[in-house]
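**Student:** Taken in sequence, the protein lines are chains Y, L, G and A. According to full-length UniProt numbering, the first sequence is numbered sequentially starting from 1. According to full-length UniProt numbering, the second sequence is numbered sequentially starting from 1. According to full-length UniProt numbering, the third sequence is numbered sequentially starting from 1. According to full-length UniProt numbering, the fourth sequence is numbered sequentially starting from 1.
Source of the hints: derived by calculation from the structure; they are not laboratory data. Any given hint could be a false lead.
Put simply, identical chains are the same to the list, so a pair is met inside one copy or across any two.
[As the list claims (entries may be wrong)] Derived lysine to aspartate or glutamate pairs resembling EDC-like cross-links, with alpha carbons at most 20 Å apart:
#: 1; residue 1: LYS288; residue 2: ASP320
#: 2; residue 1: LYS143; residue 2: ASP219
#: 3; residue 1: LYS143; residue 2: GLU304
#: 4; residue 1: LYS143; residue 2: ASP95
#: 5; residue 1: LYS64; residue 2: GLU304
#: 6; residue 1: LYS64; residue 2: GLU115
Quick caveat: nothing in here was measured; it's all calculated off a predicted structure.
Protein chains: 4
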Amino acid sequence: MRELPRFGAGLWHFASYLDRYAVDGYGPPRTTLDAIELAGSVGELSVVDLNYPFTPGVGLDEVKDALARAGLSAIGITPEIYLRRWAKGAFTNPDAGARAAALDLMSEAADVVRELGADYVKIWPGQDGWDYPFQVNHHDVWKLAVDGIADLAGRHPDLRFAIEYKPREPRVKMLWDSAARTILGIQQTGRDNIGVLLDFGHSLYGGESPADAAQLLIDHGLLYGMDVNDNLRGWDDDLVVGTVHLTEIFEFFHTLRINDWNGVWQLDQFPFREDSVDAARTSIRFLKAVHRALDLLDVDALTEAQARQDAMAAQRLVQDALLQSMAGDR
Amino acid sequence: MRELPRFGAGLWHFASYLDRYAVDGYGPPRTTLDAIELAGSVGELSVVDLNYPFTPGVGLDEVKDALARAGLSAIGITPEIYLRRWAKGAFTNPDAGARAAALDLMSEAADVVRELGADYVKIWPGQDGWDYPFQVNHHDVWKLAVDGIADLAGRHPDLRFAIEYKPREPRVKMLWDSAARTILGIQQTGRDNIGVLLDFGHSLYGGESPADAAQLLIDHGLLYGMDVNDNLRGWDDDLVVGTVHLTEIFEFFHTLRINDWNGVWQLDQFPFREDSVDAARTSIRFLKAVHRALDLLDVDALTEAQARQDAMAAQRLVQDALLQSMAGDR
Amino acid sequence: MRELPRFGAGLWHFASYLDRYAVDGYGPPRTTLDAIELAGSVGELSVVDLNYPFTPGVGLDEVKDALARAGLSAIGITPEIYLRRWAKGAFTNPDAGARAAALDLMSEAADVVRELGADYVKIWPGQDGWDYPFQVNHHDVWKLAVDGIADLAGRHPDLRFAIEYKPREPRVKMLWDSAARTILGIQQTGRDNIGVLLDFGHSLYGGESPADAAQLLIDHGLLYGMDVNDNLRGWDDDLVVGTVHLTEIFEFFHTLRINDWNGVWQLDQFPFREDSVDAARTSIRFLKAVHRALDLLDVDALTEAQARQDAMAAQRLVQDALLQSMAGDR
Amino acid sequence: MRELPRFGAGLWHFASYLDRYAVDGYGPPRTTLDAIELAGSVGELSVVDLNYPFTPGVGLDEVKDALARAGLSAIGITPEIYLRRWAKGAFTNPDAGARAAALDLMSEAADVVRELGADYVKIWPGQDGWDYPFQVNHHDVWKLAVDGIADLAGRHPDLRFAIEYKPREPRVKMLWDSAARTILGIQQTGRDNIGVLLDFGHSLYGGESPADAAQLLIDHGLLYGMDVNDNLRGWDDDLVVGTVHLTEIFEFFHTLRINDWNGVWQLDQFPFREDSVDAARTSIRFLKAVHRALDLLDVDALTEAQARQDAMAAQRLVQDALLQSMAGDR
């Protein structure tokens, strides 16, 4: 069997959550250090993506020690440019002071990336967009978004910045909403250290084929990272991977393999009501099954079927690889 | 002009909000008393629907005094059966202790309804449902939902209980998800003191026509109350009413009028990033325009057009009324 | 292994298709007899649901002979009450003459059911609804729908009528749009010979859980029949079953099994661009795999997990049964 | 009042329709000449976009005469590269012969553009995409799409080619699915005579803000044309404009005006069950109201509100303009 990929997770997978209803939280608060320890206890993870700032009072050295104890390293740092201060946007906030504060926070995160030897600063501009028709001037707000990320990347030419696009939430509409729009914006920056983190679920509920989005990003040399989860195509449910869209997650990983994309298989999930370690282990268990299924897939026959765009033949090959219940049939 | 309706709002309209990203909240916390004062300052509201429990330390007498000072009365009480304790459900929680605790809280809320002379206990079982395929036995969980509300209503035969249905959120799927399903469940209870609070936005993004849902509920004698807002049909955005779906909100109120349904026009909105008083005033300003438009509508001609199912003729009548409704105001 | 179910298909699976773009059709026209012969050639089908009227010039005796030659029997007859004459509705057409003509056609179909010894008249009122806000009076149009089906069923007390609900298409909104609404309407008729044909895809893209909808219908004694296919949850794509939603189709069949529902597993698919026999064989091949997976599923452990609403444990059991790639892991 | 724009329509607005259910059509067939006469009878239209080929037996001279008699000119020609021959794609068909045939048809359409002095060849590759996961190799199929349009445009450097993007239908997924993806593809061609026809409804149900999409295309110099209609955001319903999304269509036209985009306001509607002339007149009547509303809008105040991203202030200004736009007309 092909060697297993490295597995990772957003550290928030091991946090506890709030939403607008359960304002007392789905569980007791956890510190950055608690979350690192839980991530380590999964026993399958090699890397984590850490939110920044850390829990108040937790220093960088403590984080380094905790990561070492947990056998983890940092793949990315995600500055929290979606907190109250940036409720109306980070790069596109109408208040110049808020925009400056966001850039400062992202530059601090850049320093942490250097300190921890991470691969990238993860930029998730979830508050950059609008809620209502007529709320913004679309030319001006997109210009703020593009100029802002260009400015940030220009300040840190030694680092890579990975934009995670998403159609919406928390804003009713996000500016960086799709693979194509994000590529377009990155091209407008003229920078070569800005790329994309593709979230399977964001792509799926945005109406993309995640496999197609991955191919498009790879063809533009911009697929810096990816993470997986699942949803019902109507919202970013951040369900555990493999619980709904088995065929499309398989197509996604098949696409990565045929392009020799060998990055980390990361989890971006919100197990609101589940034990987060159990959820992570269930996820990795499934991802290993997908990895085995990739070895079982008759790629030559699939290539021929795809050349004919023969969906039925392709599906039979996929089902042969994916379905154990097919075993008695072969 | 026909006399204006009474206007109301869910008191949460004047709270501040959290979500899974802006965990520090979209604004400073507000107490029940703060929210009542803000509601009063709108100057257009007659009634509010209050969450229960009140802010820790705030007593019922203080609430009564605050309501009196604000010139408001209570139309409903909404027990918060969607907090952490009930993350896996109130009526349908797998833990019998949690179910009992939910019933206790709802019975406390019933006492507050009596104390404040409100119209109903508002039941919003937002955590009653499931997130994953295969998570629940569908027969068992629906039975828990129906038996639970029947038990509650049976304990308080002197009061009315209004179920607010919604397709999803915070659960990936809610059990009480549509007007028809809710009517069906209420019929199964055999109780005559359970009805429905119809939320315009829930109906809209659930794929219903809110006007049709209102008619169905009225025809079953179950429309206990309603509230309005707006969204983009994909999620419960709780936007300010009249910002997106002008025609369908107009059809909704037209349907209420031709059925002589004369209840309160309530707001259920989450102005995350707006001033909540400004948002409420903007809403009422629009609702008054709708009320004028209803007077401008040629109902006889519309009735004839509908008898022919002549959509174009109906639309011209609607546009004539709606697209001049603001004129008288300037 | 549990004995295999009987398999069936809507005869239209073997027709050729038109849509509003490929107005010259996705293939050459096929007669009722052509389609029956193709259905027989699949080699796995026991029954078909036949559209009525048959192709002009094709008589009932020819159809009987063709079915006999193909080794098929009729499970249902579907009167085409969605052709031009009924573009504005069958039961709810504003023209009384069109409504009467629809009832006549459905009564002819009832005779064919008797002649062929089929199980039911399949009623699919796809044109009964509306396209625009304000187009119809919602009370009146629903009354026409309910009274119409009651009248039809009352004329043929010896037969069963199966309503196939669907959220929309070809109308922008269909009246019989969900399991709950359909049950409600059937209850209003007071008839005991009206039930439901549940289409997996209609339920899925309508925002239901098909497993939950099946359970609700079974609990009301109204699940007369079902058919399967797949889609992307946004439209009635009528894709081949098992190509997208493996887990949810598995939950659907699991729900039928635990309720001892032993009807025919029918296909309702539109293979616009595929060979229809190849598509049917690919479908049955997958359905047999699902049938085997049901035998592999640890139902006792699943029942325990569902009692705790433990989604992760339930998913692991489901994946163990469904995924061949998990075999190396067990 | 600002001078009225020129109004136009896709000639198919005046055709009759088929779909997969009403296979006998929603009305009697109409020839190209019938449709031109009907378009002329609307009395408000200046231009039409004509499908090509014309009805068999109808020659170019007859079309020229009919247009002259109807007082219409041609704005675009739309080759029907979505008929049976191209069920699996035009530019991306797996059969090289079908691809060549599509290019030939489009080149014939180019000649008709020259003959009629139209502005562009309208390219609507509705069959270019896929239906099933794993059906295509995403790199290869996108390359076929981009190389194909580049080849076509290269053969006719004297003409302009307007791609009309759409998320899906008739394919489950279309390749040219959004404004951003289309811009990206056009950039890959390196051609300067390929642009975009923006369809309001396609943009809306694709999850874009049509106003934002228009701005993005204008900023790239690629907005060759546009057409309007309406839908419920879940499908390309091609409803009559102004029947659902009043605010967003107003924002769309506001965006065109502030960018001094002064092209034709075209209708792309499918009045399946309506009189097509009545539907067109109802549309223009509404569009004139929108045009008045643009004059009523306090653009300076709106600009200030947008600089603050003050949604409530913006909405009040919009409602003031829109909700009195019909008043002057009565």
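**Student:** Could you work out which earlier hints the structure fails to respect and list their numbers in ascending sequence?
**Tutor:** Hint 5 alone not satisfied by this model.
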